[in-house]
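S.K.: Please model the complete structure; the sequences and the hints are all you need to start from.
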Amino acid sequence: MILASPRKEFATARAGAALSFCPLSLAVKKVDKQISRREKVRLDAFAAKESGNQLNERLDKVFEYYKIPISTRT
Numbered sequence: 006m007i008l009a010s011p012r013k014e015f016a017t018a019r020a021g022a023a024l025s026f027c028p029l030s031l032a033v034k035k036v037d038k039q040i041s042r043r044e045k046v047r048l049d050a051f052a053a054k055e056s057g058n059q060l061n062e063r064l065d066k067v068f069e070y071y072k073i074p075i076s077t078r079t
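The numbering of the sequence shown is the numbering used here, which starts it at 6 and goes up by one.
Hints were generated in silico from the structure; no laboratory data involved. Keep in mind the model is a prediction, meaning the values are calculated, not measured. Hints are not guaranteed to be accurate.
Simulated restraints on C-beta separations [claimed, not checked]:
#, residue 1, residue 2, range
1, A53, S30, 30 to 40 Å
2, S56, K35, 24 to 34 Å
3, S76, S56, 18 to 28 Å
4, S76, V33, 55 to 65 Å
5, V33, G57, 48 to 58 Å
6, K38, Q59, 30 to 40 Å
7, K34, P74, 55 to 65 Å
8, K72, A50, 33 to 43 Å
9, K72, K38, 51 to 61 Å
10, E69, K35, 50 to 60 Å
11, K35, E55, 40 to 50 Å
12, V33, A53, 28 to 38 Å
Virtual Cβ for every residue (Gly too), placed ideally from N, Cα, C.
M.R.: Written out as C-alpha cells, the structure reads:
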C-alpha cells in the first residue's frame with residue numbers, strides 16, 4: 006500500500022512492506038547526502054589526526070628546548 010506524505014512524494018504504509026517505491030530523484034538525493042556525510046566524517050578524522058601530529062611535533066620541540074628526558078614525555 007502506498008500513501009502520499011508531505012515530506013516524501015511516496016511512502017510505504019508499513020516499514021516492513023515488501024516493496025517501497027520512491028522517485029529516482031529522491032533516491033539520488035539520499036545517496037548523495039549519505040556519501041557527503043561519510044566524506045565529511047573522513048575529512049574531519051583526517052584533520053584531527055593532522056592537528057594531533059602537529060601538536061606532537063610542537064611538544065617534541067618544547068621538550069627538546071627544555072631538555073626534558075624522553076621517559077617523562079609519556
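S.K.: Indicate, hint by hint, whether the structure satisfies it.
M.R.: Cross-check of the supplied hints:
1. The beta-carbon spacing between A53 and S30, approximately 35 Å, falls within the hinted interval of 30 to 40 Å.
2. Checked against the hint of 24 to 34 Å, the C-beta distance between S56 and K35 comes to roughly 32 Å, which is consistent with it.
3. The supplied range of 18 to 28 Å is met by S76 and S56, whose beta-carbon atoms lie about 26 Å from each other.
4. Evaluation of the 55 to 65 Å hint for S76 and V33 yields a pass: the beta carbon distance comes to about 57 Å.
5. Remark: the range hint 48 to 58 Å for V33 to G57 is contradicted by a beta-carbon distance near 36 Å.
6. A beta carbon spacing of about 32 Å between K38 and Q59 agrees with the range 30 to 40 Å that was offered as a hint.
7. At about 57 Å, the beta-carbon gap between K34 and P74 stays in the expected band of 55 to 65 Å.
8. Between K72 and A50, the C-beta spacing of about 35 Å keeps the proposed range 33 to 43 Å intact.
9. Distance hint for K72 and K38: a CB-CB separation of about 53 Å, consistent with the stated range 51 to 61 Å.
10. The hinted window of 50 to 60 Å between E69 and K35 holds, with their beta carbons roughly 52 Å apart.
11. Between K35 and E55, the C-beta spacing of about 31 Å breaks the proposed range 40 to 50 Å.
12. In this structure, V33 and A53 meet the distance hint of 28 to 38 Å, their C-beta atoms being roughly 31 Å apart.
Of the numbered hints given earlier, the model fails hints 5 and 11; all others are met.
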